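Chemist: Here are the chains, one letter per residue:
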Amino acid sequence: MLGVALLVFREVLEAALIVSIVAAATRGVARRGIYISGGIGLGVLGAVLVALCAGAIAEALNGSGQELFNAGVLFAAVLMIAWHVIWMSSHSRELVQHMQAVGGAVKAGSSSLSMLFAVVALAVLREGSEIVLFLYGMAAGGAGVGGLISGIPLGVIGGVAVGFALYFGLLRIPLRYFFTATNWMLVLLAAGLASTGARFLLQANWIPALGNQVWNTSALLGNGSVIGQALHILIGYDAHPAGIQIAFWLAVVILLLIGMRMSTRAPRAAPATVETTRSTA
Amino acid sequence: MKRGLVAGWVVLSLIAGAAGAADVPEYKLVIKDHKFQPTELKVPANTKFKVLVSNQDSTPSEFESNEFNREKIVLPNSAVTVFIGPLDKGEYKFFDDFHQDTGNGVLIVQ
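Keeping their order, the protein sequence lines are chains A and B. If you count the first sequence from 1, position 240 lands on 240 in the numbering used here, and the numbers rise without skipping. If you count the second sequence from 1, position 5 lands on 5 in the numbering used here, and the numbers rise without skipping.
With the rest of the complex left out, here is chain A (with noise of 0.2 Å):
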């Protein structure tokens, strides 16, 4: 039972830190929760799907389609954090001083918003597709009904717990600095994305290392720790990785900063692009 608990935790847990910084950036639209609920509906579904094909994907390319599926989602998930970003560091502004002003909502759909709940479905559908296979597993090796049943809600629990205290400390943080706060830690989301992305093209002999262990921090916070697997998520910690890796969190960081400072200093042509939902609806 408690193989399963923990297992079903630290995926559950990936994908629920992920979700919080999705909910909290996300802060102020209207129907968000429909959105981030949605979102984690079809990727639940997605893993379902996944897991069905995993056969398919295995064999794709000369056995390297789990690595490039896996890459693939993962750098898709980096390019729909970036557009949002760089969106938002023109925009975030107005949607400050329009939460503040009418205390009201934004329309998700009027924004680059919506790209951040595609996050979340991608970042369900990469955890939950390895529960899926794991449970699968364990149901066909025989393992206890009642390990499994007890297994997967305490995992599933402890994972959105960790979640959720995430997601309510971040809402602590002052209106002002909120989305700069948010902001930053999505750039830091997605660089680490982005490592883990090219560690799986490395894994498929893609790409080269560029120096397998550039560092060895394993002895101070390993990456099999829960707090190294958290940090791992959310600012691409890694206690030994390759060169590569740090190419390209470094390339998500600088090209996204260029794109955030661009996008500030860009005269704006349409002074309000941010709508009221009462205005619309």
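Watch out, some of these pointers could steer you wrong.
Pair ranges (Cβ atoms, derived) [claimed, not checked]:
1. I108(B) - L6(A): 42 to 50 Å
2. V226(A) - Q56(B): 39 to 47 Å
3. Q56(B) - F168(A): 44 to 52 Å
4. L52(B) - Y177(A): 25 to 33 Å
5. D23(B) - G169(A): 45 to 53 Å
6. T39(B) - V226(A): 42 to 50 Å
Examples of chain A residues lying across from chain B (beta carbon under 8 Å, computed) [what the hints assert, rightly or not]:
7. G46
8. A58
9. A60
10. Y136
11. G137
12. H240
These are computed hints drawn from the structure, not numbers from a lab. All of these numbers come straight from a predicted model, not from anything done at the bench. Just so you know, even glycine gets a beta-carbon here, dropped at the ideal spot from N, CA and C.
Chain A is already provided as a structure; the job is to place chain B on it using the hints.
Modeler: For chain B alone, kept in the frame of chain A given last:
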């Protein structure tokens, strides 16, 4: 957008072809009854190598290591190839993420 994706794909395929063409020594691991055979695998230091992991069980496994940073699912009665290294001399643990109580092993890099 589409053209960019296609171009990216072509570039990636070229890189993959180039990287795959190099001669990489292969080592074998078998998963049976949720255990690795052998549990100690000797590989050369400072050399890129690949490990063919065959799962002879009827349940899925995941070949994983936090110490050489790899993870790959191995479906029932099938095999996967994982590229690893070059690694420094030393011992690197690996495990079956789906059967952590029984599936453990170590890479001995020498």
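Chemist: Compare the structure with each hint and give your call.
Modeler: Status of the hints after comparison with the structure:
no., hint, in the structure
1, I108(B) - L6(A): 42 to 50 Å, "27 Å, violated"
2, V226(A) - Q56(B): 39 to 47 Å, "32 Å, violated"
3, Q56(B) - F168(A): 44 to 52 Å, "47 Å, holds"
4, L52(B) - Y177(A): 25 to 33 Å, "52 Å, violated"
5, D23(B) - G169(A): 45 to 53 Å, "51 Å, holds"
6, T39(B) - V226(A): 42 to 50 Å, "26 Å, violated"
7, G46, "16 Å, violated"
8, A58, "6 Å, holds"
9, A60, "12 Å, violated"
10, Y136, "7 Å, holds"
11, G137, "4 Å, holds"
12, H240, "7 Å, holds"
In terms of the numbered hints stated before, the structure departs from hints 1, 2, 4, 6, 7 and 9, listed from lowest to highest.
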